[in-house]
Amino acid sequence: MMVYLDNGATTPPDPRVVDAMEPFFREDFGNPSSAHALGAAAARAVRAARERLAEIVGAEPDEIVFTSGGTEADNLAIRGAALAASPRRRHALLSALEHPAVRDNKSYLESQGFTVELVPCSKEGITDLHALEELVRPMETSLVAVMHANNEVGTIQDVARIADYLTGACPEAIFHVDAVQSFTRLPVRLRRLGATTIAIAAHKIHGPKGIGALIVKRGAKVRPILAGGGQERGMRPGTENVAGIVGFGLAAHFAHETLEQDVARTAALRDRLLAGIHEHVDDVRLNGHRERRLCNNLHISFQGVRSETLLHMLEESLVYVSAGSACHAGSHGPSAVLKAMGWTEHEAAEWGTIRFTLSRMTTEEEIDRCIEVLKSVVPAARSL
Amino acid sequence: MSAGPARIYADWNATAPLAVEVRDAMSEALDGPFGNPSSAHAEGRRARDVLSAARRDVARWLGARPSEVVFTSGATEALNHAITVLGSGHAVATAVEHSAVLEPIRAMERARRLALTLVPVDDRGSLDPEQVATALRPETTLVAVMRANNETGNLYDTLAVAQILRQRAPRATLLVDATQAVGRIETSLDGLGADVVAVSAHKIGGPKGVGALVARGRPLDPLLRGGLQESGRRAGTENLLGIVGLAAAARLAPCVEHLVALGQLLRRELDAAVPGLIVHGEPDASARLPQTTSVRFPGFDADSLLIRLDALGVQLSAGSACTSQTRAPSHVLSALGLSPEAAFETVRISLGRTTSPEEVYELVARIARAVQLEREAVVAHRPKSLTSAQRSRSTK
Numbered sequence: 001m002m003v004y005l006d007n008g009a010t011t012p013p014d015p016r017v018v019d020a021m022e023p024f025f026r027e028d029f030g031n032p033s034s035a036h037a038l039g040a041a042a043a044r045a046v047r048a049a050r051e052r053l054a055e056i057v058g059a060e061p062d063e064i065v066f067t068s069g070g071t072e073a074d075n076l077a078i079r080g081a082a083l084a085a086s087p088r089r090r091h092a093l094l095s096a097l098e099h100p101a102v103r104d105n106k107s108y109l110e111s112q113g114f115t116v117e118l119v120p121c122s123k124e125g126i127t128d129l130h131a132l133e134e135l136v137r138p139m140e141t142s143l144v145a146v147m148h149a150n151n152e153v154g155t156i157q158d159v160a161r162i163a164d165y166l167t168g169a170c171p172e173a174i175f176h177v178d179a180v181q182s183f184t185r186l187p188v189r190l191r192r193l194g195a196t197t198i199a200i201a202a203h204k205i206h207g208p209k210g211i212g213a214l215i216v217k218r219g220a221k222v223r224p225i226l227a228g229g230g231q232e233r234g235m236r237p238g239t240e241n242v243a244g245i246v247g248f249g250l251a252a253h254f255a256h257e258t259l260e261q262d263v264a265r266t267a268a269l270r271d272r273l274l275a276g277i278h279e280h281v282d283d284v285r286l287n288g289h290r291e292r293r294l295c296n297n298l299h300i301s302f303q304g305v306r307s308e309t310l311l312h313m314l315e316e317s318l319v320y321v322s323a324g325s326a327c328h329a330g331s332h333g334p335s336a337v338l339k340a341m342g343w344t345e346h347e348a349a350e351w352g353t354i355r356f357t358l359s360r361m362t363t364e365e366e367i368d369r370c371i372e373v374l375k376s377v378v379p380a381a382r383s384l
Numbered sequence: 001m002s003a004g005p006a007r008i009y010a011d012w013n014a015t016a017p018l019a020v021e022v023r024d025a026m027s028e029a030l031d032g033p034f035g036n037p038s039s040a041h042a043e044g045r046r047a048r049d050v051l052s053a054a055r056r057d058v059a060r061w062l063g064a065r066p067s068e069v070v071f072t073s074g075a076t077e078a079l080n081h082a083i084t085v086l087g088s089g090h091a092v093a094t095a096v097e098h099s100a101v102l103e104p105i106r107a108m109e110r111a112r113r114l115a116l117t118l119v120p121v122d123d124r125g126s127l128d129p130e131q132v133a134t135a136l137r138p139e140t141t142l143v144a145v146m147r148a149n150n151e152t153g154n155l156y157d158t159l160a161v162a163q164i165l166r167q168r169a170p171r172a173t174l175l176v177d178a179t180q181a182v183g184r185i186e187t188s189l190d191g192l193g194a195d196v197v198a199v200s201a202h203k204i205g206g207p208k209g210v211g212a213l214v215a216r217g218r219p220l221d222p223l224l225r226g227g228l229q230e231s232g233r234r235a236g237t238e239n240l241l242g243i244v245g246l247a248a249a250a251r252l253a254p255c256v257e258h259l260v261a262l263g264q265l266l267r268r269e270l271d272a273a274v275p276g277l278i279v280h281g282e283p284d285a286s287a288r289l290p291q292t293t294s295v296r297f298p299g300f301d302a303d304s305l306l307i308r309l310d311a312l313g314v315q316l317s318a319g320s321a322c323t324s325q326t327r328a329p330s331h332v333l334s335a336l337g338l339s340p341e342a343a344f345e346t347v348r349i350s351l352g353r354t355t356s357p358e359e360v361y362e363l364v365a366r367i368a369r370a371v372q373l374e375r376e377a378v379v380a381h382r383p384k385s386l387t388s389a390q391r392s393r394s395t396k
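So the sequence lines, in the order shown, correspond to chains Y and C.
Each residue of the first sequence is one higher than the one before, starting from 1 at the first, in the numbering used here.
Each residue of the second sequence is one higher than the one before, starting from 1 at the first, in the numbering used here.
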């Protein structure tokens, strides 16, 4: 039995989503920019998906910009904001917990004359609001990025409160929220979160890979980073990935439809996993915040094991998890997120971390099997 | 579906139907691994294996090494990527490049990061490689010459340009947009003489939303950052299904002879059925894409013809799909010296792999029918005909 608990990396596609994409690989293959009937049919499908997604995120259809995924959406938000920023506003704040798709643009921002500062967080991975308030420069800050829920440790940030503060203290700043992990696991509504831009991706919610969106509030000063074609109202040129967009719209629809019961069920399964680990495995600790965490995330450290060792032993029992996030597979030392939470090299060497991420497709059998495997694998790994 | 006439699709340069072989490969992939190729576990590794196999196929297809292939979300991203990270100082581009080349260069020009020299083409759309040489400056870093034009089908001798660059600007990058050339004429990195090549899947029977940038001997900084995918050259979880589709399209058997035959048939039939047509571009068949025909119907508004044809079940386009929403005349046709009037009377017919000779006959018959209907309508409603037809467009 395969146990897939790496849904933070990617999720199995919903068969209903795949079925809905089929026609766009067959008869409905038109280019939405074409003026003829086939083009019009493709354009209608894109419009329907856009409207569907807009409703789910509480935005207008023209506030949705389809991209090739979450990474492009984050890049568009950060670089697009930098391109539009006035020469006097060259200060940006990124939370220390940001995904690399945001954080790795620090050097780009600096090449554009920005001063970039990282907003620290607590040991539990909660962004320090006081520090953020201290760091904001009302006359200079043009960009603040705080992710909704962290991809590694799953902590949820009080995005709405930060937005409130920024509205008063620095209304000109663009407030970017990476909601790739939180979308359909928490309510993600543009105006309720108070964000200027929000990044989301389909393959984290049982949709296809290669499609995502940046939600851009009307009037926001964000410029495109790709040029050449008027698609997405000039914000994102290139022939639309019609099948992907259709799949994304539907994946969001299905996820949103059953959000409340899925969240409750997933959280219960996660708690079952945590309880099982506590019961059967010694010397473990839960990283991140106990309550303010995603319903599907468990980030656990096991004393006296290397996470790679544990990962491979779990894998041999067909339990698939990740050491941190898929994006840093292969790199060493504590991840940037754990470092921001105060982890030392020594701690990282001493405590092997594993990220378990569930989805609405996760079953009780998978959880129980995972506990059973951990029960034997962790002591075995420790005795190596 | 109504009982209307069978559809004839003649807009392959806008996008192509998914090839059956591609669909089969993608269906198979859907039953394969769904993992994230960056994941360390077996499910990720299986996805990574699928990715590597696809990369090998695409590399072999273009005569490149697998390590030279960077998958992107399409040709637009590939071209933007190359231009953004490789261009600085001064760039040279032909006047007929796709807007996905010209627009990013102009954006960099506005940001004062480089200056652009456009190289003109003659009234047949032909490029004199010596004119590229004339445009070079000591600070030229980027030269963009497309292999095949999307509107006229003209081919450009990128190899001759490469030889000029080798002598006079060895440090400049030759960027070749091969989006319309691949799958239609023999295309390889060596044959193109290119340092960097951009291709797209959906023009050649693959899915939309995937393409590739192939870069040789050039370290390629990422445009999209935030992950080590594509050897650090392009961040973001790979569009595995799309990439499988691109690889399957790359494996399709060449169909050059079929396309050549179709193109010849089309032109012969069209000439016979609708006298007075003017075909744009290179008259020498070996110097253009076999399946692309840019043709002017003097006295007829292209948009009106297209609407009639659409009603007759024929899909084609006025210029490129990318510019169908705008009312400006095509920059490509303008570069050939066509007046706006002439440009607005021009239609692009583009055929493909599964187009049959029977379809070409039927296509021509319907075009002749549309022209006839349009002529009758103009005579019935607008005695002063042609010029008023044009006026009605300009007020649209």
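These aren't lab readings, by the way, just hints derived from the structure by calculation.
Glycine included, C-beta positions come from ideal geometry on N, C-alpha and C.
Hints are supplied without guarantee of correctness; some may be wrong.
Unchecked claim - The following residues of chain Y were derived to be distant from chain C, with all beta-carbon distances above 12 Å:
no.	residue
1	G8
2	A42
3	D62
4	A101
5	R236
6	E240
7	A243
8	D262
9	R265
10	E279
11	E308
12	G342
13	E365
14	L384
Claimed, not checked - Derived SDA-like pairs (lysine to any residue); straight-line CA-CA distance at most 20 Å:
no.	chain 1	residue 1	chain 2	residue 2
15	Y	K106	C	T141
16	Y	K221	C	A107
17	Y	K221	C	V85
18	Y	K217	Y	E257
19	Y	K106	C	R369
20	Y	K221	C	L228
21	Y	K221	Y	E110
22	Y	K123	Y	Q112
23	Y	K339	Y	A131
24	Y	K217	Y	D62
25	Y	K123	Y	K217
26	Y	K106	C	D271
27	Y	K123	Y	V281
28	Y	K375	Y	P334
29	Y	K221	Y	A131
30	Y	K221	Y	S86
31	Y	K217	Y	P171
32	Y	K221	Y	D62
33	Y	K375	Y	T363
34	Y	K221	C	A111
35	Y	K123	Y	E315
36	Y	K106	C	E359
37	Y	K106	C	D221
38	Y	K339	Y	M313
So, going through the hints one by one against the coordinates:
no., hint, verdict
1, G8, "violated (9 Å)"
2, A42, "violated (8 Å)"
3, D62, "holds (15 Å)"
4, A101, "violated (3 Å)"
5, R236, "violated (9 Å)"
6, E240, "violated (7 Å)"
7, A243, "violated (6 Å)"
8, D262, "holds (19 Å)"
9, R265, "holds (21 Å)"
10, E279, "holds (25 Å)"
11, E308, "violated (8 Å)"
12, G342, "holds (23 Å)"
13, E365, "holds (18 Å)"
14, L384, "holds (18 Å)"
15, Y/K106 <-> C/T141, "violated (26 Å)"
16, Y/K221 <-> C/A107, "holds (17 Å)"
17, Y/K221 <-> C/V85, "violated (24 Å)"
18, Y/K217 <-> Y/E257, "violated (24 Å)"
19, Y/K106 <-> C/R369, "violated (60 Å)"
20, Y/K221 <-> C/L228, "violated (29 Å)"
21, Y/K221 <-> Y/E110, "holds (19 Å)"
22, Y/K123 <-> Y/Q112, "violated (32 Å)"
23, Y/K339 <-> Y/A131, "holds (17 Å)"
24, Y/K217 <-> Y/D62, "holds (9 Å)"
25, Y/K123 <-> Y/K217, "violated (33 Å)"
26, Y/K106 <-> C/D271, "violated (60 Å)"
27, Y/K123 <-> Y/V281, "violated (23 Å)"
28, Y/K375 <-> Y/P334, "violated (25 Å)"
29, Y/K221 <-> Y/A131, "violated (26 Å)"
30, Y/K221 <-> Y/S86, "holds (10 Å)"
31, Y/K217 <-> Y/P171, "holds (14 Å)"
32, Y/K221 <-> Y/D62, "holds (15 Å)"
33, Y/K375 <-> Y/T363, "holds (19 Å)"
34, Y/K221 <-> C/A111, "holds (17 Å)"
35, Y/K123 <-> Y/E315, "violated (30 Å)"
36, Y/K106 <-> C/E359, "violated (55 Å)"
37, Y/K106 <-> C/D221, "holds (15 Å)"
38, Y/K339 <-> Y/M313, "violated (26 Å)"
In summary, the numbered hints that this structure violates are 1, 2, 4, 5, 6, 7, 11, 15, 17, 18, 19, 20, 22, 25, 26, 27, 28, 29, 35, 36, 38.
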